[in-house]
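If you read the sequences in order, they're chains A and B.
Residue numbering for the first sequence follows full-length UniProt numbering, starting at 1 and increasing by one per position.
Residue numbering for the second sequence follows full-length UniProt numbering, starting at 1 and increasing by one per position.
Rather than coming from a laboratory, the hints here were simulated on the basis of the structure.
Please read all numbers here as calculations on a predicted model, not as lab measurements.
Careful, some of the hints might be misleading.
Said to hold, decoys possible - Below, computed lysine to aspartate or glutamate pairings styled on EDC-like, alpha-carbon distance capped at 20 Å: (1) A:61 / A:51; (2) A:210 / B:193; (3) A:242 / A:301; (4) B:210 / A:193.
Claimed, not checked - Looking from chain A toward chain B, a few residues come up when the C-beta cut is under 10 Å (computed): (5) 4; (6) 65; (7) 124; (8) 144; (9) 186; (10) 204; (11) 212; (12) 328; (13) 331; (14) 336; (15) 342.
Virtual Cβ for every residue (Gly too), placed ideally from N, Cα, C.
Chain by chain, the residues run as shown.
2 protein chains.
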Amino acid sequence: MTRYATLAAILSQRIEQGLYPTGQRLPSVRTLSQEHGVSISTVQQAYRLLEESQLVEARPKSGYFVRGVRTLAELPAVTRPVQRPVDISQWEQVLELIRTKPREDLVQLGRGMPDISEPTLKPLIKALGHMGRHGDLRSLYYDNIQGVMGLREQIARLLLDSGCQISADQLVITTGCHEALSAGLRAVCQPGDIVAVDSPCFHGTMQTLKGLGMKALEVPTDPLTGISLEALEMALDQWPIKAILLTPNCNNPLGYIMPEARKQRLLTLAQRHDVAIIEDDVYGDIAYQYPRPRTIKSFDDDGRVLLCSSFSKTLAPGLRIGWIAPGRYLERVLHMKYIGTGSTATQPQLAIADFIRHGHYLQHLRRMRTRYQQNRDLMTGWIMKYFPPGTRVSQPRGGFMLWIELDDEFDTLRLNRYLERQGVQIAVGSIFSASGKYRNCLRINYAPKLTSEIEQAVRRVGETIQSLLLAPVAGIESALAQRG
Amino acid sequence: MTRYATLAAILSQRIEQGLYPTGQRLPSVRTLSQEHGVSISTVQQAYRLLEESQLVEARPKSGYFVRGVRTLAELPAVTRPVQRPVDISQWEQVLELIRTKPREDLVQLGRGMPDISEPTLKPLIKALGHMGRHGDLRSLYYDNIQGVMGLREQIARLLLDSGCQISADQLVITTGCHEALSAGLRAVCQPGDIVAVDSPCFHGTMQTLKGLGMKALEVPTDPLTGISLEALEMALDQWPIKAILLTPNCNNPLGYIMPEARKQRLLTLAQRHDVAIIEDDVYGDIAYQYPRPRTIKSFDDDGRVLLCSSFSKTLAPGLRIGWIAPGRYLERVLHMKYIGTGSTATQPQLAIADFIRHGHYLQHLRRMRTRYQQNRDLMTGWIMKYFPPGTRVSQPRGGFMLWIELDDEFDTLRLNRYLERQGVQIAVGSIFSASGKYRNCLRINYAPKLTSEIEQAVRRVGETIQSLLLAPVAGIESALAQRG
Numbered sequence: 001m002t003r004y005a006t007l008a009a010i011l012s013q014r015i016e017q018g019l020y021p022t023g024q025r026l027p028s029v030r031t032l033s034q035e036h037g038v039s040i041s042t043v044q045q046a047y048r049l050l051e052e053s054q055l056v057e058a059r060p061k062s063g064y065f066v067r068g069v070r071t072l073a074e075l076p077a078v079t080r081p082v083q084r085p086v087d088i089s090q091w092e093q094v095l096e097l098i099r100t101k102p103r104e105d106l107v108q109l110g111r112g113m114p115d116i117s118e119p120t121l122k123p124l125i126k127a128l129g130h131m132g133r134h135g136d137l138r139s140l141y142y143d144n145i146q147g148v149m150g151l152r153e154q155i156a157r158l159l160l161d162s163g164c165q166i167s168a169d170q171l172v173i174t175t176g177c178h179e180a181l182s183a184g185l186r187a188v189c190q191p192g193d194i195v196a197v198d199s200p201c202f203h204g205t206m207q208t209l210k211g212l213g214m215k216a217l218e219v220p221t222d223p224l225t226g227i228s229l230e231a232l233e234m235a236l237d238q239w240p241i242k243a244i245l246l247t248p249n250c251n252n253p254l255g256y257i258m259p260e261a262r263k264q265r266l267l268t269l270a271q272r273h274d275v276a277i278i279e280d281d282v283y284g285d286i287a288y289q290y291p292r293p294r295t296i297k298s299f300d301d302d303g304r305v306l307l308c309s310s311f312s313k314t315l316a317p318g319l320r321i322g323w324i325a326p327g328r329y330l331e332r333v334l335h336m337k338y339i340g341t342g343s344t345a346t347q348p349q350l351a352i353a354d355f356i357r358h359g360h361y362l363q364h365l366r367r368m369r370t371r372y373q374q375n376r377d378l379m380t381g382w383i384m385k386y387f388p389p390g391t392r393v394s395q396p397r398g399g400f401m402l403w404i405e406l407d408d409e410f411d412t413l414r415l416n417r418y419l420e421r422q423g424v425q426i427a428v429g430s431i432f433s434a435s436g437k438y439r440n441c442l443r444i445n446y447a448p449k450l451t452s453e454i455e456q457a458v459r460r461v462g463e464t465i466q467s468l469l470l471a472p473v474a475g476i477e478s479a480l481a482q483r484g
Numbered sequence: 001m002t003r004y005a006t007l008a009a010i011l012s013q014r015i016e017q018g019l020y021p022t023g024q025r026l027p028s029v030r031t032l033s034q035e036h037g038v039s040i041s042t043v044q045q046a047y048r049l050l051e052e053s054q055l056v057e058a059r060p061k062s063g064y065f066v067r068g069v070r071t072l073a074e075l076p077a078v079t080r081p082v083q084r085p086v087d088i089s090q091w092e093q094v095l096e097l098i099r100t101k102p103r104e105d106l107v108q109l110g111r112g113m114p115d116i117s118e119p120t121l122k123p124l125i126k127a128l129g130h131m132g133r134h135g136d137l138r139s140l141y142y143d144n145i146q147g148v149m150g151l152r153e154q155i156a157r158l159l160l161d162s163g164c165q166i167s168a169d170q171l172v173i174t175t176g177c178h179e180a181l182s183a184g185l186r187a188v189c190q191p192g193d194i195v196a197v198d199s200p201c202f203h204g205t206m207q208t209l210k211g212l213g214m215k216a217l218e219v220p221t222d223p224l225t226g227i228s229l230e231a232l233e234m235a236l237d238q239w240p241i242k243a244i245l246l247t248p249n250c251n252n253p254l255g256y257i258m259p260e261a262r263k264q265r266l267l268t269l270a271q272r273h274d275v276a277i278i279e280d281d282v283y284g285d286i287a288y289q290y291p292r293p294r295t296i297k298s299f300d301d302d303g304r305v306l307l308c309s310s311f312s313k314t315l316a317p318g319l320r321i322g323w324i325a326p327g328r329y330l331e332r333v334l335h336m337k338y339i340g341t342g343s344t345a346t347q348p349q350l351a352i353a354d355f356i357r358h359g360h361y362l363q364h365l366r367r368m369r370t371r372y373q374q375n376r377d378l379m380t381g382w383i384m385k386y387f388p389p390g391t392r393v394s395q396p397r398g399g400f401m402l403w404i405e406l407d408d409e410f411d412t413l414r415l416n417r418y419l420e421r422q423g424v425q426i427a428v429g430s431i432f433s434a435s436g437k438y439r440n441c442l443r444i445n446y447a448p449k450l451t452s453e454i455e456q457a458v459r460r461v462g463e464t465i466q467s468l469l470l471a472p473v474a475g476i477e478s479a480l481a482q483r484g
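So here's chain A without its partners, still in its complex pose (with noise of 0.2 Å):
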């Protein structure tokens, strides 16, 4: 990491714990270069960086601040999920919300998608169509069954920023995160283990281990920490848990960030009871804070971090280039890429590496960045407007997704059934629990670029959600209908 890069990372720190509290002036540049021993323009650049991430912002004549973050919303409750391995259901919902195919007449506020739309993307598109007019016959072959080795040297070099050293050779590209998370997932575990997982888990990880006949131990999660520490002791203590599963930098769908200390304390658990820890970091590059946070397997000092992720969520889903670094278990996770899908598309791999080698991979960080912050607030903003007051929701430290927590009673589902014949599609909690948890909230995405159609469709959501509220049962239909 370089000076600059370092004195950021110590200040967001401090900011993050509170030592800086909101709209307090921070250190002057002079008082910071003799503090650290670096000079003027290194914490000129350190600030730059901060504010780029919206942590802190200059006032004229005045010095830098931290920003104010708008608390808009009361943030929702510590998970209690219920405690005992069980098999995982859902299936059928999470069917419904994967084969809606994109249409004019539906806002879909519900998918995992990124917006593909910015022009910093457009070097990748010319990428991909870059062998028809060369008539490169590359891509039509098998690589390498690891992948094309250009592209693990493009990750291995990103991986440096989450503080990771792993060598191209240690990676294995991947049919998306999922493949990753599947070939983890079989390297570690038989059928019938159990497997310990923050809560709420996103529900492609709940349907593999469903899948793969896993049992889900759902640990409660803190909305701003992450798994309850605390509790996963205990679960290690009582059950014969095989893996830990989770999502500790930009959490979907609880948007949170793990502290670092709470990262190391995580592997010392897991080396203490010697169980693997399989960390989805999908959503890590793109972190609101720069340089990004750090990764559970840049702690690793055993190998027993299989580190997942892809960029379908920095870049774009239809790619379906994802990847893992397995440690010690790379000969497992190869037996069972070689039995899942044999190897992964050529052309994809090459203009992936394209990209990256030229620059354009972190310059549409830099901008994606920006862009789903600002989003984020706007979106929260709505949310607050339109739902009813004691509405709970998230606040993500990256990533593009919202996790709002209605009363206790509420029903998604039954939301989700109206809100289909207005044209409007969410992700339904429970989707997001082994048990059935979590039907009193809702997943939404706000990566789009936010219309006002997409306003009106928010507004439908917490209309929809307030009829539902007042309206007795027996009246709901008509009330509904005279909307329509």
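Chain B: place on chain A using the hints.
Relative to chain A, chain B alone:
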């Protein structure tokens, strides 16, 4: 099927069954026209088809004759695998084979790679590059989890040629045939279950069984007619078999096409014992006969056949586009696909749909059918010339693989170690067996342009075999070193 195609199929079957032996004059155009109540031009078109598929030759002023098939080599024996369920090993040898990257100093005769250098593939490369020039964003999105509708429609149309009436809704696009087979197996079997397979059997299938914790029961197989129905019936009576997995068309590695009557009998057997059939048809479109052979799926009337295929052998493996027609298991397969890869890359799907829609696919098949058939004869000739007397060689009726059986005591694993130093790669026979059989066999790929460089490689393989057969064990090293 058109009238002339139906007539061609009837004649081709009669030739196949030996009713018209090699060299015999076939009925005149006029006779057939009267006999089948079709027009003269229909018969002429039928004969043109049979000429194209090299079953028949026209002799000026004499009529049509059954083409002489040069029986160059003795066929391998009917296989006699261990007839009890076994756990699969041989992963290390498979890994060695698939990890090898194409390189200048290595002649790769071992892998299942088609020839991708024919000009009939050019429109596909163009279609793949199309997007970049037009800034088309479709390929960056996920499509429906079942795959791009346009491609599924084209595949449904192609499937008619194998006698299958399957709608686009009943198809799922997969990441290569690997994912089709893997998802299919996981849809119908659990870990620990027994799956009956033809033997020898594609190593990818074997490794999939291994990876999924299933047991293989290898059934004796005839190099001309395929899996022994008698042995299979005994096995079904004796063991709790859950599925039959086989490649009845252009079998890999043996090259046979199972006769239609046997396909029907196999289906009846499966129905009687209520087991699923997983049918690998990945080489079916490059059978040397036209129209192409029917699938078992085409007889399926209760949805128990899961038909798996891909464009990896007909077009190019680096595209990673396959499909499955899972019959009654559609929803289970969708779940397995979702957890395995989420969905399949969009761009290659769009490009292939475009390629088929414009008629390029069938044109490419026509070319490859002729090319591979010519290569088969040439390669068989080289084997006969350079390999020891008594070598048995398969007579493939499609695809691009030769199966070669050497002296019972011969060890191709040992051969392989010597060949590596000489820059030649083969596929050793033992990876095609769950129980380590076929150590005296090897598989050779004859897809590429058969240059003198390849002939020299085949010669080196033959000579190394001869040395290993003749030289006393201790003397081999030096004998080979001198040759080196």
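Evaluated hints:
no., hint, verdict
1, A:61 / A:51, "16 Å, holds"
2, A:210 / B:193, "18 Å, holds"
3, A:242 / A:301, "19 Å, holds"
4, B:210 / A:193, "18 Å, holds"
5, 4, "34 Å, violated"
6, 65, "39 Å, violated"
7, 124, "8 Å, holds"
8, 144, "5 Å, holds"
9, 186, "7 Å, holds"
10, 204, "7 Å, holds"
11, 212, "7 Å, holds"
12, 328, "17 Å, violated"
13, 331, "8 Å, holds"
14, 336, "6 Å, holds"
15, 342, "4 Å, holds"
Checked against the numbered hints given earlier, this structure breaks hints 5, 6, 12; the rest are met.
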